[in-house]
Every structure is written in structure tokens, then in C-alpha cells.
Amino acid sequence: MPQTDITSLKPLFVVETPPYIHNGVTIHGMMRDTLLALAPAMILALMAHGVAAFRVMALAAGVSVLVEAMCVRIAGQKLRIEDGTALISGLLLAFMLPVQAPWWLVTVGAALSMILGKHVFGGLGANPLCTPLVGWACLSISWPKYMNPSAMVLNTDFLDPLLRLKFFGTQSISPETYKALLMGEQLGGLGSVYIGALLLGGIFLVARRAVRWEIPVAYLLTVYALGFLLWHIDPARYIAPELYLLTGSTVFAAFFLATDHPSSPFSIWGIALFGVLAGAMTVLIRAYGTHLDGAPFAILLANLFTPLLDMIRPVPWGGRK
Amino acid sequence: MKLPFILTVPDKRPLEELHGITTLLVPLRGHTPAPGIKKRVAVAANTLLAVHPDMSLGEIHAPCHGVIKDITTRHIEITCSETPPEGSQPVAPVDLSGLDEQALCSALKELGVSVRPFTRPCKTFVINGLNPEPGMVYAEEVLSSHKEILEAALALVKRLSPATEYVLALPAGSHSSLDGVRNHFVKPEYPISLARPLIKSLTGKESSADITMVRLHDLFGLGLVASSGLPRTRTVLSVQGRNFLVPVGTPVQTLLDAALVSVKPGDTVVLGGAMRGQALSVLRRGIDKDSEALLHIPAKSKPPLEDNPCINCGACIYACPMRLRPNMLSRYAEFEQYEGCTKEYLNRCIECGLCGYVCPACRPMQQYFRNAKKALGIETLQRRLPL
Ligand code: SF4
Ligand code: SF4
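Those sequence lines, one after another, are chains V and R. Start counting the first sequence at 1; every next residue gets the next number (this note's numbering). Start counting the second sequence at 1; every next residue gets the next number (this note's numbering).
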């Protein structure tokens, strides 16, 4: 082969494979949109808890980014910190932690999320479970006391609606308090309690095509429908359907956790079933399980079905052969 | 309608001709120079330059008067002149009437036409009257202002093709027509202009048996020969939204200058459409008979391709007109597990580029598919896709 003189190729053009146009939705853009979608809830959290909330969010995000950098280096992969996936994972985890979570809890959670929830499986795109939920699950099982928002906050006027509904009867929360619940005046995760703000952010995410609308819609509809069914059967035993949405991390999970791309199915039917499955499990865990908030575990369980749901495939053009 | 995929333009864009071209780089595609064609030989326009043993590939002729400056494996460079240079032999038109099918085929090959698409066994012959890809805008103009050329071509096609039915696919609302050809209207949105989607819209069936589809571009090329009896030495192409009728071999640089495009380092110059074209590394290259567009893509107008992993978002699955799973296909291809590609129906992929258009990970989807197709011996766009 004769050596090509590089100077003879000047000016240098970019030679790529087609297509030469792109719709503009990139991983980086999706993460930026997610950050924007989380912003209202973040601001509300900072307004309510100040430095305490900032501490947890910054720590979780920082540790996630650092651990990701380390894992990528060890695995000899390309460093992709700038795509923002680690930062967002960290923030999503922080949203589910109590504001008063001790620093070591946040650190361990973020590190476990990144290592067990992402990098042991091969990094970006390869996680079978929603990354921040892995850390959350480890913490919830290992240190349930520290993960319990009402145990962590002693003097507060806010109520922990999950605890109340479970142990003080289904009528212990009246519709008058709904607006307060929507505004986040309840105990729960640092960011996941701002139901209204998250709903707004979620709609923004869907509009920006950063997540597929089918997942939150299928999920929330299922939660409401099943909740309605149970409540219809025995209103004394089961809570009103809207309370599944107004309390706990259901709305947060619908838009920010269930929609995690790698751990959710990719075909339309797969996605719809995934949403239904996760929704049904959320309600069942809350109605019958020992765990107060159903959503996170429900999503994790649904994640396990993803490979199965991905076996549903469209018939290719011209039929199967 | 998705904006970048609309295949029609509202206004008329006439075919502009270029004057004062000084150099042509007539591309060779495995052709060998004809006897007597050497450096410094003077040729008149339409002189035979190079031949190919394959019956289905047309020969190559001089698009202008001039002197041969250089011959490489890729092209023959001609320095053009206004009048026939001394020592050149003028070329007379060929009379194509009265030839039987066999003789007509060889005559057309000798006139530089690739005849295969016109002779393919079929019942229905479809003329694709749509601009094939975003970035091409010549179809309306050719159909409305150069109808006689198309009809001259059609007269030849009717002698060559066994088809019993002729169909012209048009964008909805078009007033164009061809004699003896049934119109078929479609919503002009990419990828309906590609063979398989178009045939589905025509027959309702997902099979291209008994159907031949040719591009308007190919029919127009045949028409140029049919109406003059002279070799195929000119071609029509769109450059940045304008249409040109220029000699084959016109350097890309010349066309970009004519279209007032200045290319800077880091930009991309594409020969062909925005979805399936080929990016050029140098501008010293002549356009070929089947070049349909020339596009300038400024740097940073799209996110660059990266070797990112698939994040499983499913966007490509929604986009794929062949209902494939490009995510799985590209992953198998990426890791060279080509049996997996076969199981995912790689042979159905028409390289429409839509999966790459939507992929948020900006994966080089076409690159993966082409590698896999090459490994599996499936024809790719570089070697013309079958129907
Ligand atoms: S290029 Fe992509 S979208 Fe187009 S047919 Fe092939 S796999 Fe499908
Ligand atoms: S669009 Fe890209 S990232 Fe999304 S599933 Fe397809 S290949 Fe993967």
C-alpha cells in the first residue's frame, strides 16, 4: 500500500456513514432533560430542607460520578462521564433517601448503585435493573431504620402517609389534605414526595421524547385501575385509588425509574405489559406486602421480566421465514 | 408530517446547465480503457472511453470534446475544449428503431445504459416518480418539463420489458402523467420512495415478486439516450436544493462552486441523499451516472457518530419501516455474531437510515449493517440493493 500523504487530503472532511441528519435526541440531551425535569422537585426540596437536602443530592451525585469513573477505568472502557448518566443515577437515588440520611448511607448507596447496578453488567446500556433502585434496595434491606423517613425526622408537623394508611386505617387521610400531599407536605424520600412537581417534570420528559410515554401511562393507569377495583370491593380495608398516586414514590417511579431504558423492554407490547406488571405489583405490595411503599420494589421486579418481554417481537417485513 | 422527510418541494426548480467546465473526471467502475484511449489522446464528445465485460453495465463515453490528461483505475481525466480537437473523430447518433430485443440491449449497453432493470422479468413495471431521498428535488421538474424525454425512454422500455402493466408512483396532488401509464399516488414522506415500502403501498403485499421498480433518474437517463441516439454522458442531480443537468464526470468542487457552497474543514460533503448517500473525503472526484444529489452538511449540524453502546431505548424499533429490531441487529453486528444478524432478518434491511436518524446513542448503524452484510454475503447499497 502506498502511504497516503495526509497533507494531500486537505482540507479534511468528516466522513461518516449515513444518515447525515439526526433528530437531535441524544443520550446527553436526554440526561439534560431529565435534570430539567427533576429541577422543580429539587428546588422545592432545597426550599424545604436547605443544606440538608443539598448535602444528600450533592453527595449521591458526586459519589456516583467518581465511582463510575473508577469502574470505567478498571474495565478499560471509554470515559463517558460527560453524558450525565452517572450524575442522574446519583440524583435519582438521592430523591428516594430521607433528607436526614447519614453521609455513609448516601455514599454506600451511590457506590453500590453504580457498581452492582451498572458496571458489573458492563456499564452504560447493559444494566438489567434500574441502577439507582439497586442501591436503594441494598440500603432498604440492610439499614431499614435509617431509610425510614419518620424515624429520621423527630420534630415535624408533616405526616408519613404510608405509615398512617397502613396502621391508622384507610380513612386516616381525608381528601382535604390532597393538595398538601401534591405539594410534597408529607414525609418520604427527599425528592420523591413532591408529587406535583414530579408530575410536571415527567410530562416534560415525555414531551421531549426522552422517555417513552407508554410506560408511565400504562403504569399509572394500572395502579389507578387496580386500586379502584380493590377500593370498590372493600373501601374499609383498602385505600382510595388516588392515594396510591398521591403518596409514596409512585409518580416518581412512573416517570423516572420505570422508564430507565436499558432495564425496560423495547417493543411496544413489551413496554405496555411492563407498565401493567409494575403497576399491578405496586398496588399489591402496598395492599398486602410488608413494605410500605410499593413502587421501587415493583419496578425492580418488573425489571426482571424485561428479557422475557423483549421476546415479543414484530413480524418483519414479508413475514417470518 | 415529519419535516425533514417530506419528499416534495412546492416551487419549480429548473434544470440548470453549467458552462465553461474545464476538467471532467469521468468515473470508472471496473471499466478498462477502450482501444486507443491513452494519455494525451484527443477525443470528440461521445467517443467511447472505457468498456466493461458485464452485459448489464453500460460503457463509458467522453461527455465533451477534449484531450485525455490522465487515466487511473478510478477515473479518466479530460481537459475540455469548446470545439473538437484536432485528430478526433466525430461520433454519429445511433438509430435504435427496428432493432430486435437482443440487438437493442447490446446497442444500449454500447451507448452507456445499464439495461438490467429494464429487462427484468415482471408483470408490473413501476416508475418511481418520487424524489428518492431527502435532499433530492429533481423529480417534479423532470416530470413536468421533460416529459418528452421520459416518453422516449418509455417507448424503449416497452420494447424491452415483458411487463403488461405500467405504473407511475407520484406524490399525492401531483398533476404529472405519462402516456399509457397508470398513476399511483402516495403521501410523499420518506421512506415511501424506497422500493419495498412503495411496492407495499401499490400492491398491499409485502413481496416484490412480479414487480420491477426503476427510479425516475434511471428512466430519464435512458430517455436522454433514446431521444438523441447519442451515448449517456449527462446526468441530472440536485445540489443543495437546486437542480443541474451536467456532464458525467463534472467535479464535485465545480458543482459546489456553481451552487455557491463553500466547504470548510470539518464539514461533510455527501454524494447522494441525506439518508443513504456516501460521504466524500476529497472534492476532486467526478459525479457518476447514478449520482442523484450532492449535499453539504456543515460541521456540528448533527451529533457525531460514536461507538456508544445501545441503551435499549427502542426508538429504532419504532422507526424501522421493515419492522426489524435494529437494536439487536446492530448489537450482533457490533460483536461480530453474524448468525444473530441472520436470525434478526438482516437481509430485509433496506438501509433506509431511519434507525440511525433516531438513535440517541448515535451509533453507526449503517456501518454495522454493512459490515455484517458483507460478512454474510448480502448485497448492500454499495453494491446495489435488490428490490
Ligand atoms: S436501516 Fe435501520 S430502520 Fe432502515 S430498514 Fe435497516 S434496520 Fe430498519
Ligand atoms: S435507537 Fe440506538 S440506543 Fe435506542 S435501541 Fe436502537 S440502537 Fe439502541
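It should be emphasised that the hints constitute simulated quantities derived from the structure, not laboratory data. Computed from a predicted model, the values in this text were never measured in an experiment. A virtual CB, placed ideally from N, CA and C, is assigned to each residue, including glycine. It cannot be assumed that every hint is accurate.
[What the hints assert, rightly or not] Partial pick of chain R residues on the chain V-facing surface, computed with a CB cut under 7 Å: (1) Pro-4; (2) Ile-6; (3) Thr-8; (4) Pro-10; (5) Pro-14; (6) Pro-53; (7) Met-275; (8) Lys-302; (9) Asn-371.
Comparing the hints with the structure gives:
no.	hint	verdict
1	Pro-4	holds, 6 Å
2	Ile-6	violated, 13 Å
3	Thr-8	violated, 17 Å
4	Pro-10	violated, 20 Å
5	Pro-14	violated, 26 Å
6	Pro-53	violated, 27 Å
7	Met-275	holds, 5 Å
8	Lys-302	holds, 4 Å
9	Asn-371	violated, 10 Å
Hints 2, 3, 4, 5, 6, 9, counting from the list given before, are not met by this structure.
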